[in-house]
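Asker: Construct the complete structure from the given sequences, taking the supplied hints into account.
Order-wise, the sequence lines are chains A and B.
The working numbering applies: residue 1 is where the first sequence begins, and numbers increase by one.
The working numbering applies: residue 1001 is where the second sequence begins, and numbers increase by one.
Simulated from the structure, these hints should not be mistaken for lab results.
Small disclaimer: the values here were computed from a predicted structure and weren't measured.
Some clues are possibly wrong.
To give a feel for the contact side, a few chain B residues facing chain A, derived at Cβ under 7 Å [unchecked claim]:
#, residue
1, Thr1019
2, Asn1023
3, Ala1091
4, Phe1315
Far from chain A, some chain B residues (derived; all Cβ distances over 12 Å) [said to hold, decoys possible]:
#, residue
5, His1010
6, Cys1028
7, Thr1052
8, Gly1092
9, Arg1112
10, Asp1200
11, Gly1226
12, Gly1282
13, Tyr1301
14, Glu1314
15, Leu1329
16, Asp1386
17, Val1389
18, Pro1401
19, Arg1416
20, Arg1439
All C-beta atoms, glycine included, are put in the ideal place defined by N, C-alpha and C.
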Amino acid sequence: MANLESNLAGIKSPNPFWLASAPPTNSGYQVMRAFEAGWGGAVWKTLGTPIVNVTSRFAALDYKQNKMIAMNNIELITDRPLDVNLKEIAECKKAFPDRTIIASLMEICEQKAWHELVRRVQEVDIDGFELNFGCPHGMSERGMGSAVGQHPDLIKQVAEWTKEVARVPVIVKLTPNITDIRFGARAASEGGADAVSLINTINSLIGVDLDTWNPVPHVDGKSSHGGYCGPAVKPIALNMVNECARDPEVRIPISGIGGIETWKDAVEFLLLGSSNVQVCTAAMHHGFRIVEDMIDGLNNYLDERGLASVQDLVGKSANRITTWENLNLNYKIVARIDQDKCIHCNKCYVACEDAAHQCIDRIINNGSSTVIVDEQECVGCNLCQMVCPVEECIEMIEIDTGLPPESWKQRSLRLESVPSAH
Amino acid sequence: MSEQLGASIHKQLSEIEVTLEANRCLYCYDAPCMNACPTHIDVASFIQKISTGNVKGSAKTIMDANAMGASCARVCPTEELCEGACVYNEAGDSPIRIGDLQRYALDYVAERDIQLFEPGPDSGKRVAIIGGGPAGLSAARDLRRFGHAVTIFEAKDQLGGLNTYGIVPFRLSVETALWEAEQVVKLGLDVRTGVRVGFDVTLEGLVRDYDAVILACGMGSVPKLGIEGENLEGAWDALDFIERTKLGLPVPDLGERVAIIGAGNTAIDALTCARRLSIARGKEARVVCYYRRGEEQMTAYQFEYDFAKEEGIEFRFFCAPTRVVGQNLHVNAVEFIRTRLETQGDREIVTPIPGSEFTEQVDTLIRAIGQSRLIETFERLGIAHDFGVVKVDDALQTSRPGVWAAGDCIFEKGMREAMVVEVAQQGKLVAASIDSHLRSGVAVEA
Chain A
1 MANLESNLAG
11 IKSPNPFWLA
21 SAPPTNSGYQ
31 VMRAFEAGWG
41 GAVWKTLGTP
51 IVNVTSRFAA
61 LDYKQNKMIA
71 MNNIELITDR
81 PLDVNLKEIA
91 ECKKAFPDRT
101 IIASLMEICE
111 QKAWHELVRR
121 VQEVDIDGFE
131 LNFGCPHGMS
141 ERGMGSAVGQ
151 HPDLIKQVAE
161 WTKEVARVPV
171 IVKLTPNITD
181 IRFGARAASE
191 GGADAVSLIN
201 TINSLIGVDL
211 DTWNPVPHVD
221 GKSSHGGYCG
231 PAVKPIALNM
241 VNECARDPEV
251 RIPISGIGGI
261 ETWKDAVEFL
271 LLGSSNVQVC
281 TAAMHHGFRI
291 VEDMIDGLNN
301 YLDERGLASV
311 QDLVGKSANR
321 ITTWENLNLN
331 YKIVARIDQD
341 KCIHCNKCYV
351 ACEDAAHQCI
361 DRIINNGSST
371 VIVDEQECVG
381 CNLCQMVCPV
391 EECIEMIEID
401 TGLPPESWKQ
411 RSLRLESVPS
421 AH
Chain B
1001 MSEQLGASIH
1011 KQLSEIEVTL
1021 EANRCLYCYD
1031 APCMNACPTH
1041 IDVASFIQKI
1051 STGNVKGSAK
1061 TIMDANAMGA
1071 SCARVCPTEE
1081 LCEGACVYNE
1091 AGDSPIRIGD
1101 LQRYALDYVA
1111 ERDIQLFEPG
1121 PDSGKRVAII
1131 GGGPAGLSAA
1141 RDLRRFGHAV
1151 TIFEAKDQLG
1161 GLNTYGIVPF
1171 RLSVETALWE
1181 AEQVVKLGLD
1191 VRTGVRVGFD
1201 VTLEGLVRDY
1211 DAVILACGMG
1221 SVPKLGIEGE
1231 NLEGAWDALD
1241 FIERTKLGLP
1251 VPDLGERVAI
1261 IGAGNTAIDA
1271 LTCARRLSIA
1281 RGKEARVVCY
1291 YRRGEEQMTA
1301 YQFEYDFAKE
1311 EGIEFRFFCA
1321 PTRVVGQNLH
1331 VNAVEFIRTR
1341 LETQGDREIV
1351 TPIPGSEFTE
1361 QVDTLIRAIG
1371 QSRLIETFER
1381 LGIAHDFGVV
1391 KVDDALQTSR
1401 PGVWAAGDCI
1411 FEKGMREAMV
1421 VEVAQQGKLV
1431 AASIDSHLRS
1441 GVAVEA
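Answerer: In structure tokens, the structure reads:
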């Protein structure tokens, strides 16, 4: 049994799985249920001046028979009075003292307002604050949420104000609706924040109803952009988490968020540099019970790899990401098709023929067809392997080029150093 | 009516089953299922279209390749064709339910009365088709799409041939067979039902009055067994029996014991039809199939054989009828003799075993030993044939100029019966052949 205890900027939790600030953490009733199910922590739905919501609020992106590979929402922060939320936070903390409760906050950009909110909230026993600079819809129109997160100077300023009065660690939640996530993360770090969490939701519009031509979701025939989340956003989140993890000016730990549904997703976030993870869409899709397999699967994974602690995973793959110019130009892999496993669907053939480099030959003999890779022509792009429906039928095999590793950067330097012919 | 024979053996897919199954399809390239279909329906495309909600487009993809797509979705031995070729078999998984999805797409357009095709611009050419069965209808559909005027001469009252008259209703209903024929008629056909070529009109007249003639007359009735007593009351031709039952015409009491001679697909239809009919009448007759060869030599598809056994049919192999015994001019018993197979050269000959005679009490005797060839008809029409199989060249032209042929009347593949899908393909090919002939004629004249 590995030690699953996570530590984000000194905030310890029995496991690295927190519920993100969102509809599942709207009330004490829900957070109690989540803790009963085993969640290590919960970031309470954002506290601030209660708002009024619209209906409807959510919409899903389905892929073929797979429901909800992503969703978006136009729900705002808490619509309940602050004292009610604080009373329920206290009850949850009393019932589950070993679990983490983080208070997510949103306020207008005024020092006094932030000081007041932080002071009031920390009257109850909480483990940290998370400043919501990420919410991309509704609140941003009022100068809050991602409107703050898109201005590094405002991030730094509000982080400073918060730190002036906060007695517990402060996490800054970042918006991905920017061109480079590192600017916001650096600002949070400079402002004295103890950690960053990312990503919040991405500006999105799920679609249009083909019968009515109404946007989806719609409020009385109209809509506004929403916040996109769920499994489909994971690659975007992984990249942003890793960019922050590798940036020398971001000197604070990371709480990873974005499309995490299984223990495997969590391991990837941890390996690329986050200290724990936050989950929302998966719980909205399947209920709090999914955390049981997340914990169990992570534990078995650590045991199988002989790792004592979940913290041994943090950042282990972070520095395997680099810039393109540092990649080895002399590394070569080619596709090889296992003819015994091939079921002759020809998907690899048509993919390579139409969309890659025309290096799969199809030999038709007596009505049966065989697909063979021309290894001389194969550029090792992986496309055939990606479209193959059979597990381990197409393998990418490393070919020894006989050449020493050389990156583009190195090659450019080498070529520059060659004296010009004239 | 035919409802008394019980529900269709085909289960309608639920919407969720359709979604799951359509999305499970791998959308193979140059897909083996397509190549296994005699009409080359682009199965991967029609299923992909179902998955995107383009069900009308899906139905059009099916029917474009096969004008008998709705019948084929019910009667094709899919295990031996498209589903048998599905790559999932190789992966050790169950194949895509192609037949069920095909039925789904075609039910969709049938329920909504969606017309899929339009006739082509008028070519000024006229084609006569003798026989309104699957081959004739398939040819007519494509000829109309090419713009040629088509007249169908059909001896029966309704179009559809064996689809309408000869396949049990719980496998293929009259409604489906007629809907499919109607899709062709809607393209603008001159349909002359109840007309027999050689009696009511002459082939000479057709050859004279039309630019091309297609012989798609199928085959004849089930031949006699050639034994004493088989003309007694209670002895049936399997196709007559199925037809009367399917159309809801009066069928006398079948009694307690029904014997069927033969073990092809029509025999299975007659067996299950008789069994269901007697159950509907509260009798539950014992229905037994007698076949002079063994289980391995049966020409019925495996799934048909399995289905018959599930329906409670009994099978007796290696026995041949020798005499029908009557009582009050009605079948009362059948005498059989046991047989065995003897190898003579490369053939296996059925040989009676002397002294092995036995008698079975039988109230209804149905013979289902294949269909007779229309030798006399072809002789009369002056069409060259081999033992009743019309001779055609690669372009499906007969020995008689201006006369082409398709369907059962040219089908000669050993012991096997032609499948609907195969004759539909022949209809398609003969239409293309005639179109090319007529157009080259146009080009020469111009």
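Asker: Leu1329 of chain B clear of chain A by more than 12 Å, beta carbon to beta carbon?
Answerer: Fine: 56 Å to the nearest Cβ keeps Leu1329 of chain B off the interface.
Asker: Would you settle whether the hint for Asn1023 of chain B is holds or violated, based on the nearest Cβ-Cβ distance to chain A being less than 7 Å?
Answerer: 4 Å, holds
Asker: Can we confirm that no CB of chain A comes within 12 Å of the CB of Arg1416 of chain B?
Answerer: 19 Å, holds
Asker: Does Thr1019 of chain B hold up as a contact with chain A if the rule is Cβ-Cβ below 7 Å?
Answerer: Since chain A brings a Cβ to about 5 Å from Thr1019 of chain B, closer than 7 Å, the hint holds.
Asker: Any Cβ of chain A at or closer than 12 Å to Cys1028 of chain B, or is the non-interface label fine?
Answerer: 4 Å, violated
Asker: Confirm or reject the statement that Arg1112 of chain B sits farther than 12 Å, beta carbon to beta carbon, from all of chain A.
Answerer: At about 16 Å from chain A, Arg1112 of chain B clears the 12 Å cut-off, so the statement holds.
Asker: Looking at Gly1092 of chain B again, its CB stays over 12 Å from all of chain A?
Answerer: Given that some Cβ of chain A is not farther than 12 Å from that of Gly1092 of chain B, nearest at about 9 Å, it is violated.
Asker: In terms of Cβ atoms, is chain A entirely out of 12 Å range of Thr1052 of chain B?
Answerer: At roughly 10 Å from the nearest Cβ of chain A, Thr1052 of chain B sits no farther out than 12 Å, so the non-interface label is violated.
Asker: Close enough to count: is the Cβ of Ala1091 of chain B nearer than 7 Å to one in chain A?
Answerer: Holds, because the Cβ-Cβ distance from Ala1091 of chain B to chain A comes to roughly 5 Å (cut-off 7 Å).
Asker: Verify this label for me: Gly1226 of chain B is non-interface relative to chain A, using a Cβ-Cβ cutoff of 12 Å.
Answerer: About 42 Å separates Gly1226 of chain B from the closest Cβ of chain A, which puts it past 12 Å; holds.
Asker: Is it the case that His1010 of chain B keeps its Cβ farther than 12 Å from each residue Cβ in chain A?
Answerer: Given that every Cβ of chain A is farther than 12 Å from that of His1010 of chain B, nearest at about 23 Å, it holds.
Asker: Regarding the assertion that Asp1386 of chain B does not contact chain A, is the least Cβ-Cβ distance greater than 12 Å?
Answerer: Asp1386 of chain B clear of chain A: closest Cβ-Cβ about 28 Å, beyond 12 Å.
Violated hints for the displayed structure, listed by number in ascending order: 4, 6, 7, 8.
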